[in-house]
Amino acid sequence: MSQFKDITENGIWKQNPGVVQLLGLCPTLAVTTTVVNGVSLGLATAVVMAASSGAVSPVRKFIPNEIRLPVFILVIAALVTVIDLLIHAYALPLHKVLGIFIPLIVVNCIVLGRVDAFAAKNPPAHAIWDGFIMGIGLTIVLALLGGMREVLGKGTLFSGLDLALGENFKHVVLTVIPDYQGFLLAALPPGAFLGLAFLIAAHNWAEQYKTNKKPTITPGPESELSEPLKPAY
Amino acid sequence: MPETIFKHTIKTAITLVAFAFTFTLLMTVVYQVTKTPIAESEAAARIALFQQVIPHDRYDNAVLNDTIDILPSALLGNKKPTTANIARMNDKPVAVILEAVAHDGYSGDIKLLVAIDYNGVISGVRVIQHTETPGLGDYIDIAKSQWIKLFDQESLIKTNSSNWTVTKDGGTFDYMAGATITPRVVIKAVNKALQYFKENKTVLLKETAKEIIKDVVKEDKKANKVGKNESI
Chain H
103 MSQFKDITEN GIWKQNPGVV QLLGLCPTLA VTTTVVNGVS LGLATAVVMA
153 ASSGAVSPVR KFIPNEIRLP VFILVIAALV TVIDLLIHAY ALPLHKVLGI
203 FIPLIVVNCI VLGRVDAFAA KNPPAHAIWD GFIMGIGLTI VLALLGGMRE
253 VLGKGTLFSG LDLALGENFK HVVLTVIPDY QGFLLAALPP GAFLGLAFLI
303 AAHNWAEQYK TNKKPTITPG PESELSEPLK PAY
Chain U
-5 MPETIFKHTI KTAITLVAFA FTFTLLMTVV YQVTKTPIAE SEAAARIALF
45 QQVIPHDRYD NAVLNDTIDI LPSALLGNKK PTTANIARMN DKPVAVILEA
95 VAHDGYSGDI KLLVAIDYNG VISGVRVIQH TETPGLGDYI DIAKSQWIKL
145 FDQESLIKTN SSNWTVTKDG GTFDYMAGAT ITPRVVIKAV NKALQYFKEN
195 KTVLLKETAK EIIKDVVKED KKANKVGKNE SI
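Sequence order for the protein chains is H and U.
Under our numbering, the first residue of the first sequence carries the number 103, and numbering increases by one thereafter.
Under our numbering, the first residue of the second sequence carries the number -5, and numbering increases by one thereafter.
Because the hints were derived from the structure by calculation, they are not lab data.
The structure displayed is predicted, hence computed values, not measured ones.
Nothing false has been slipped in among the hints.
Sample of chain H residues lacking proximity to chain U, with all beta carbon distances greater than 10 Å (derived):
1. 148
2. 218
3. 280
4. 307
5. 310
Simulated restraints, written as ranges between beta carbons of each label pair:
6. H:169 / U:139: 49 to 55 Å
7. H:275 / U:171: 22 to 28 Å
8. U:42 / H:202: 18 to 24 Å
9. H:291 / U:25: 30 to 36 Å
10. H:286 / U:46: 24 to 30 Å
11. U:163 / H:202: 33 to 39 Å
12. U:18 / H:170: 17 to 23 Å
13. H:312 / U:98: 54 to 60 Å
14. U:196 / H:296: 53 to 59 Å
15. H:202 / U:162: 31 to 37 Å
16. H:279 / U:139: 17 to 23 Å
Each residue gets a CB set at the ideal place from its N, CA and C atoms; glycine is no exception.
Using the sequences plus the hints, can you model the full thing?
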């Protein structure tokens, strides 16, 4: 069970794809204009990651090393297509909002990165959990970033929730700052870069705070899990 | 050893083919399963969009299927043949729903849905696709502001052609501070759609009862091709 704990800790904090590995910046920066957009794409990514890890891990021993990347891409692309079709069929407004970014999950390097670095070397249960929790780690970053940009850029929170979950949720939309004129910088791409910088800074600060606080703890032998992923993709 | 290399190659190829086959099969199944729901939700979304430009109670026909072919036209800005939807009440045409494209937007094309009543008065206009700057030019979108409703009940008779521009250029249409290019091209596109309607009115509003359409589909299709020689 401790391995699941390790995986969880890695996905959410230590190796968070959004602020540590910095993989998959395309959706991180482009979609996070609102919380709802960020969370929707984050969850879609988490599902794709869990599914592709789950599909690769059981058959990992049958995939010759030379063709492992084409096979992984094939698996990921097929699963993304499936999810794209399902969202298109059953959540059309959401599909309109996320639009091009759903197919783009295929080229989000975090998906291939985790499949190659983790799912191809670990048993299915661990692999699925790793894929899912990495996706959740990304979702948290997208939600925070989306929240920051939405409040600063539009003065609202959770706008568009009715598109994702139905008309009943229209009243959940919060107007944080009434009569807000909008702050364009936050809504445009530079706002995403700046917001992400703040999140990374906060993450680094928290890490440093932790090490300064407990200087006596010596790091144990690095487990294979916490082996840092080189962002070479 | 050449034999092991050969074996390995075969194994690799078979694995790749097996994966390709399995996942193509998966996609085929999902595609087949989702085909109808996708078509249904697209149709529902389109009806909901039509409702914004012309209320349901003004027509009683299956407006989605009641179409007329439109050839590429400079006035509508469509580069490929497209279709217009005709709204009818008791088989009498009450309005035409046209799609117009403005190519000179601030960033990229702006797609409009324009519903024009039989008498040349605009029933409603909506922007269905645009990539204008958020917070500046995007007030043409009904989700952002009510600006697009300025066109309701407009016509070429009510406002003469030279006044079809923003107030800044001496026209009659208001705009919001920050962006004039966007409203300017939207106004121009709506104006051109009205001109298109004026020029092709007889064909667009031809009184074709549903039964007749069913019977002479082929002939009708030929006859319905309008705007062939028109350019600007």
